[in-house]
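Protein chains in written order, with numbering that gives the first Met the number 0: chain A, 0 to 323; chain B, 0 to 351.
Keep in mind the hints are simulated off the structure, nothing from the lab. A hint or two may mislead.
[To be verified] Each computed DSSO-like pair below joins lysine-lysine, with the alpha-carbon atoms no more than 27 angstroms apart:
1) Lys156(A) to Lys7(A)
2) Lys287(A) to Lys332(B)
3) Lys184(B) to Lys30(B)
4) Lys208(A) to Lys313(A)
5) Lys145(A) to Lys106(A)
6) Lys268(B) to Lys287(A)
7) Lys239(A) to Lys30(B)
8) Lys309(A) to Lys287(A)
9) Lys193(A) to Lys313(A)
10) Lys106(A) to Lys6(A)
11) Lys268(B) to Lys239(A)
12) Lys184(B) to Lys119(B)
13) Lys268(B) to Lys235(A)
14) Lys7(A) to Lys208(A)
15) Lys208(A) to Lys253(A)
[As the list claims (entries may be wrong)] Quick look at which bits of chain B chain A covers, simulated, 3 or more residues with Cβ under 8 angstroms:
16) 219-233
17) 236-242
18) 276-284
We put the beta carbon where it would ideally sit given N, CA and C, even for glycine.
Residue-level listing of the chains:
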Amino acid sequence: MSNSSRKKLLLMGRSGSGKSSMRSIIFSNYSAFDTRRLGATIDVEHSHLRFLGNMTLNLWDCGGQDVFMDNYFSNQKDHIFKMVQVLIHVFDVESKSINKDIEIFVKALTNLQKYSPGAKIFVLLHKMDLVQIDKREELFNIMMEKLQNISNPYQFKVVGFPTSIWDESLYKAWSQIVCSLIPNMNLFNSNLIKFNQILDAEEIILFEKTTFLVISSTTSIENELNKDLQPELDPKRFEKISSIIKTYKQSISKLRTNFSNLIIRGSNGSHFYIDILTDNMFIMLILKDKDNHISSTVQHEELLILENIKAARKWFEKIENGNV
Amino acid sequence: MEATLLPNPKDTNATILLMGLRRGGKSSICKVVFHNMQPLDTLYLESTSKPTTELFSSLIDLSVMELPGQLNYFEPNYDSERLFSSIGALVYVIDSQDEYLNALTNLSMIVEFAYKVNPKINIEVLIHKIDGLSEDYRIDAQRDIMQRTGDELLDLGLEGVQVSFYLTSIFDHSIYEAFSRIVQKLIPELPSLENMLDNLVQHSSIDKVFLFDVNSKIYVATDSSPVDIQTYEVCAEFIDITIDLDDLYIEDSNGSQAKNSNSKVATPKELKSISHLSNGSILYLKQMIRGLALVALIRNDDVRILNDGSSESSIGTQERSLTIIDYNVNLLKKSLMKMWENSKLISRNEQY
Ligand SMILES: Nc1nc2c(ncn2[C@@H]2O[C@H](COP(=O)(O)OP(=O)(O)OP(=O)(O)O)[C@@H](O)[C@H]2O)c(=O)[nH]1
Ligand SMILES: Nc1nc2c(ncn2[C@@H]2O[C@H](COP(=O)(O)OP(=O)(O)O)[C@@H](O)[C@H]2O)c(=O)[nH]1
Ligand SMILES: [Mg+2]
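Same shape as in the complex, but just chain A:
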C-alpha cells in the first residue's frame, strides 16, 4: 500500500509560465501578489506533501529554462519521466513563442509514452487574466483542440483548464488534478450523501486541510430533485470558497495562528459551518434557516451540529486510511 500511495507529479512548461507561482499558492499559502518575488527555478525543485492520510504527493517543479530542459530530455530522461502519475503542463497564453512551447510538450509526451504510458496529462492554459474576457473561451477551445490533436499519436487524453493566479480558476484545476489521484473517491461521495440524510443540509463540501482543495461535495436531496426550480447558485462557488479560505489563512497567519472553525449566520438565512473533520480534512455545511428561532435555541442548534460533525469523524477517518 505504502508504495502505491506515493504519487509523482511533474510540473512542466517554459520558464516564466507560472509553475512555481501556482505551486506556492496552492501548497505554500502564498498570495498571488507574493509570487512576484519568485526567481526562476534552478533544475528541479521537489516538494513532498502528505495528502489525505496515506497519500504523498511528490511534486517535481521542473525549472523551464532551456539549459535545464535540454537535460531533462537527454541525460536525466529516465530519472525524470519514470513512474509518473501525472504531468501538469503549463502554457503561458501570452507566450510569444508557441512553437517552442509545443515542441517541449511533444518531447515530454514522447518520453512519457516510453517511461510512464499510464500517466494522466493535464494542460493549464495559464495567465488567462491577461486575455480579454470575451476572447477567453474561444482561445481556450482553439488551443485545446490543437493540443489534443498533438497528443493523439501518443495515446494520451489531455484534460485542460484555463487558469490564472489572480482568480479562483487555479483552485478548480488543481482540485480536479488531485482528485484524479484519490482511489476511493466514490466512498467519500457516498458517505457524504449518507451524512446529509441525517443533517439535511443545503450543501456539504469536503476540503483537504492544507490546500483547501475541494475533494467532494453533495447537495440536499430536495435540491437535487428540483434542480430547475432552484435559483442559480454561483457555479464557481467551490473554488471561490477555497480561495476565500486561503485568503483567511493568510490573513490570520499575521497572528501566527491558524483557524479551527468558522461559523457564519448569513444575512440570507443561510448558516455556514466550517470545521475540522479529520486530521486531513475540513468540512463545510450550508444550512437554511427552517423556522424563526429564538436565540437560545440557535446556540443549542449550533452545538448540535458541531457534535454531529464530531460524530462523522470516524467514518471519514476510515475512508482516508483505506480501511473500508
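Could you slot chain B with the ligands onto chain A? The hints should help.
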C-alpha cells in the same frame, strides 16, 4: 452597560476637504479608501481637473471633497470663504517622494486662509507615498516637514494652530489608520462610542474591538488600548472573508424573482460570524447599524482552567463568555440605534 450621550449640536458637520498639489495622490486615496480600488490600478487614474464631491453614509454622513491641485482658490469669483467655513477637516496631501518645498508654501497659505474663516477646522497633513522611502528617510522627512510647516505658520503669525501629521501610503493600511483618526474627530459621539467599547472590553475577555465602516474599512471607534497594525488588518480582513462567503449563497436575483410567488421575501438578517483560532483566540463579528460592523479579537482566558480542569469545562467557559459578549454587543447595538436617532433629530433641528 449604559451609554452616556453627549451630542454636541454645533458639531455635526462632516465634510472633509482633500487638497494638495497635482499628482500628490488625492484621487488615489479616495478611490482606494472609499471605492475599494486596488492600489496598483491607481496608476491609470486621470488627473482631476474640477472639484469632486463624494458622499458616504456611515454612522455620520460624510462627504469628501477633492480640490484639484492647480485650482486657484483665492480668485475673487471662487467662493472659498463659504467653502472653508463649512468643512470639518482639511486634509492636505504631500507627495513625500517628490520635492515638497512648494507644497509646504501652498499648505501654509491655505492654512492661513482656512484658519481665519473657520478657526475650528481640523488641519491634517498626509505625508504620502512613504512606501518608496526607507525607514530612516521617512522619519527625517516627517521631522523636516513638521519643522518647516511650524516655521512658516509662525512667520504668518499663526501660533495656536494645531496641525496633525500622518505618514501614509495606499499600499498598506497606513492610509486607513490616518483616515480613521481623521474621521473620528468629526464624530461628535466619539467619546460615548469609545466609552461603550471600553465598557465592553472591561466586562469580557475581549482583547481589542473595532467599530468598522464595512465599505471603507475605516474604524469609527475602538477601545482605548493601543491599535496594533496586525490586529487591525486581521479584523478588517475578517469582514471581507465573512461577506464574501455570505455572498456566495445569496441566491441570484433573477432566479429568485422567477419563483417569487412561493418564496418568502426575506428581510436581510443580521450578519454574524465567529471563528475559533488554533491559539485559543476567537474572532467575532457582528453587523451593527448604518453599514457598521463590530469586530473583536477575544483572547483565550482558559489556560488556568485547562491546567486543573478538563478541556470540556474550558469549552464550556468559552461558550459562556461568548454568550455574555453576545448579550453586551446587542445592548451596544441598541445604544447605537438610539444615538443615531438622536443625532438625526439634532441635525434636523438645526435646519430650521
Ligand atoms: N498575469 C499573471 N501573471 C502570472 C500568473 N502566474 C504567474 N504569473 C507571474 O509570472 C512570473 C513567473 O512565474 P514563475 O512561477 O516563477 O514561473 P516558472 O514557470 O516557475 O518559471 P521557471 O521556474 O523559470 O520555469 C511571476 O512574476 C508571476 O507573478 C498569472 O496567472 N497571471
Ligand atoms: N508609490 C505610491 N504612489 C502613489 C501613492 N498614492 C498615489 N500614488 C500614485 O501617484 C499618482 C498620482 O495620483 P493621483 O491620485 O492622480 O493624484 P492627484 O492629482 O492628487 O489626485 C498615481 O500614479 C498614483 O498611482 C502611494 O501611496 N504610493
Ligand atoms: Mg519556477
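Hint check:
1. Lys156(A) to Lys7(A): It holds: about 18 angstroms lies between the C-alpha atoms, which stays within 27 angstroms.
2. Lys287(A) to Lys332(B): Holds, because 25 angstroms separates the two Cα atoms, which is no more than 27 angstroms.
3. Lys184(B) to Lys30(B): Given pair Lys184(B), Lys30(B) holds - Cα atoms ~22 angstroms apart, limit 27 angstroms.
4. Lys208(A) to Lys313(A): Roughly 16 angstroms between the alpha carbons, so the hint for Lys208(A) and Lys313(A) holds.
5. Lys145(A) to Lys106(A): 16 angstroms, holds
6. Lys268(B) to Lys287(A): 13 angstroms, holds
7. Lys239(A) to Lys30(B): 25 angstroms, holds
8. Lys309(A) to Lys287(A): 20 angstroms, holds
9. Lys193(A) to Lys313(A): Holds, because 14 angstroms separates the two Cα atoms, which is no more than 27 angstroms.
10. Lys106(A) to Lys6(A): 22 angstroms, holds
11. Lys268(B) to Lys239(A): 23 angstroms, holds
12. Lys184(B) to Lys119(B): With a Cα-Cα distance of about 12 angstroms, the restraint between Lys184(B) and Lys119(B) holds, given a limit of 27 angstroms.
13. Lys268(B) to Lys235(A): 25 angstroms, holds
14. Lys7(A) to Lys208(A): Holds - the C-alpha atoms of Lys208(A) and Lys7(A) are around 20 angstroms apart, at most 27 angstroms.
15. Lys208(A) to Lys253(A): Satisfied, since the Cα-Cα distance of roughly 19 angstroms is no more than 27 angstroms.
16. 219-233: holds (count 4)
17. 236-242: holds (count 5)
18. 276-284: This one holds; 5 residues, not fewer than the three required, reach chain A with a Cβ under 8 angstroms.
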